[in-house]
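Q: Here's the letter readout for the chains.
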Amino acid sequence: MIELDTTDRLILRALIEDATQSASAIGRRLGLSQPAAWRRIRRLYETGVIKGRRLDLDPEKLGFGVTVFLGVKLATKGRVSLEDFERAVTAIPEVQTVEHILGLYDYRLRVVARDIPDFERVLRRRIMTLPGVGDVEANVLLSEERRPGPIG
Amino acid sequence: MLDDSDRRLLRQYQHAPDLGPAELAERAGLAPATCARRLERLRAAGIIRGNRAVIDWRALGYEVEVSLRITLDKTHSRAFDEFLDRAREIPEVLEIQTFLGRVDLRLSVIARDMAHYQQIYRSAILTLPHIADIEALMHVARIKSNETLPV
Numbered sequence: 001m002i003e004l005d006t007t008d009r010l011i012l013r014a015l016i017e018d019a020t021q022s023a024s025a026i027g028r029r030l031g032l033s034q035p036a037a038w039r040r041i042r043r044l045y046e047t048g049v050i051k052g053r054r055l056d057l058d059p060e061k062l063g064f065g066v067t068v069f070l071g072v073k074l075a076t077k078g079r080v081s082l083e084d085f086e087r088a089v090t091a092i093p094e095v096q097t098v099e100h101i102l103g104l105y106d107y108r109l110r111v112v113a114r115d116i117p118d119f120e121r122v123l124r125r126r127i128m129t130l131p132g133v134g135d136v137e138a139n140v141l142l143s144e145e146r147r148p149g150p151i152g
Numbered sequence: 001m002l003d004d005s006d007r008r009l010l011r012q013y014q015h016a017p018d019l020g021p022a023e024l025a026e027r028a029g030l031a032p033a034t035c036a037r038r039l040e041r042l043r044a045a046g047i048i049r050g051n052r053a054v055i056d057w058r059a060l061g062y063e064v065e066v067s068l069r070i071t072l073d074k075t076h077s078r079a080f081d082e083f084l085d086r087a088r089e090i091p092e093v094l095e096i097q098t099f100l101g102r103v104d105l106r107l108s109v110i111a112r113d114m115a116h117y118q119q120i121y122r123s124a125i126l127t128l129p130h131i132a133d134i135e136a137l138m139h140v141a142r143i144k145s146n147e148t149l150p151v
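From first to last, the protein sequence lines stand for chains A and B.
Numbering-wise (the working numbering), the first sequence opens with residue 1 and increments by one.
Numbering-wise (the working numbering), the second sequence opens with residue 1 and increments by one.
No lab work stands behind these hints, which were simulated from the structure alone.
Every value quoted in this text rests on a predicted model; they were computed, and no experiment measured them.
Even glycine gets a Cβ: it sits at the ideal position worked out from N, Cα and C.
Check each hint, because a few of them may be wrong.
Stated by the list, open to error - Stretch-level coverage of chain A by chain B, calculated; a stretch enters the list once three of its residues show a Cβ under 8 Å from a Cβ in chain B:
id, region
1, 13-26
2, 51-62
3, 137-147
Claimed, not checked - Listing some non-contacts, in silico: residues in chain A with all C-beta distances to chain B over 10 Å:
id, residue
4, E120
5, R124
6, R125
Taking the hints into account, I'd like the entire structure generated from these sequences.
A: Listed below in structure tokens is the structure:
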């Protein structure tokens, strides 16, 4: 486990806002020399604290007006392997995330669609035809907030 | 408004957000100056909201991730606002989503271990206002998490 000091946390917050900032820009912002900022940024990547980058796009402006979270229960556990379901579900372009969970459902899927009829098409043609799929519960996303997490 | 080149650019950029400008232009089949101009336009239009670092919370010692599905007591007219204001104060809450469906809200919560989770759950989550029902789902694994849009 990696310990972060206050400066590391501030750098991390800056990179969550904009990961393309240069070490000198971040250094200027936090009163660090360019080499000192660069060393700290490199450590965050090398230790795996930063596992990658994500391009944050506005789905609505790209015509994706609907995001739905689906709770999926598998009907035939054991007979159809989890791997078959996982392989098929990850191949669906409208499925943005797939999480294996314990509790009421086996999987949670985040699905984007242009509108409700488009969502219905994805649900009927792609999701309900997946191998082993059983009960499905849908919750339509109204708002979403991502918090910085315990690095404040 | 978006043409095929924009879409190709967004597809490439979504799949490899760590590419430098020259390499991105090459993969999108654009001249570097054209590529830079198009990216600037997509940013100005608010289509690209940012290029963000993604934290691996496990590397920082957070081993447990729980989804809390919450139903609120909607007889209070300010139930949502009051709940959200207080939920934002809990540092271990990573995501707050509101829904139309069987549940009203979902909080994504991380903790160092089960004992730490238990402590957050009792001292922070259960003291949030207007909770009518709460259900916990434990994360086992992320199978797909790139969150790309099929542009």
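Q: Count the residues of the region 137-147 of chain A whose CB lies closer than 8 Å to any CB of chain B, then report whether that count reaches three.
A: holds (count 11)
Q: Confirm or reject the coverage of the region 13-26 of chain A by chain B under the rule of 3 or more residues with a beta carbon closer than 8 Å to the chain's beta carbons.
A: holds (count 6)
Q: Take a quick look at R124 (chain A) and tell me if its Cβ sits farther than 10 Å from every Cβ on chain B, holds or violated.
A: holds (17 Å)
Q: Compute the least Cβ-Cβ separation between R125 (chain A) and chain B, then decide whether it is above 10 Å.
A: holds (14 Å)
Q: Between the region 51-62 of chain A and chain B, see if three or more residues pass the 8 Å beta-carbon test, and mark the coverage as holds or violated.
A: holds (count 11)
Q: Against chain B, does E120 (chain A) keep a CB gap of more than 10 Å to every residue?
A: Non-interface label on E120 (chain A) holds, nearest chain B Cβ at 15 Å vs cutoff 10 Å.
Against the hints set out earlier in the document, no violation occurs for any number.
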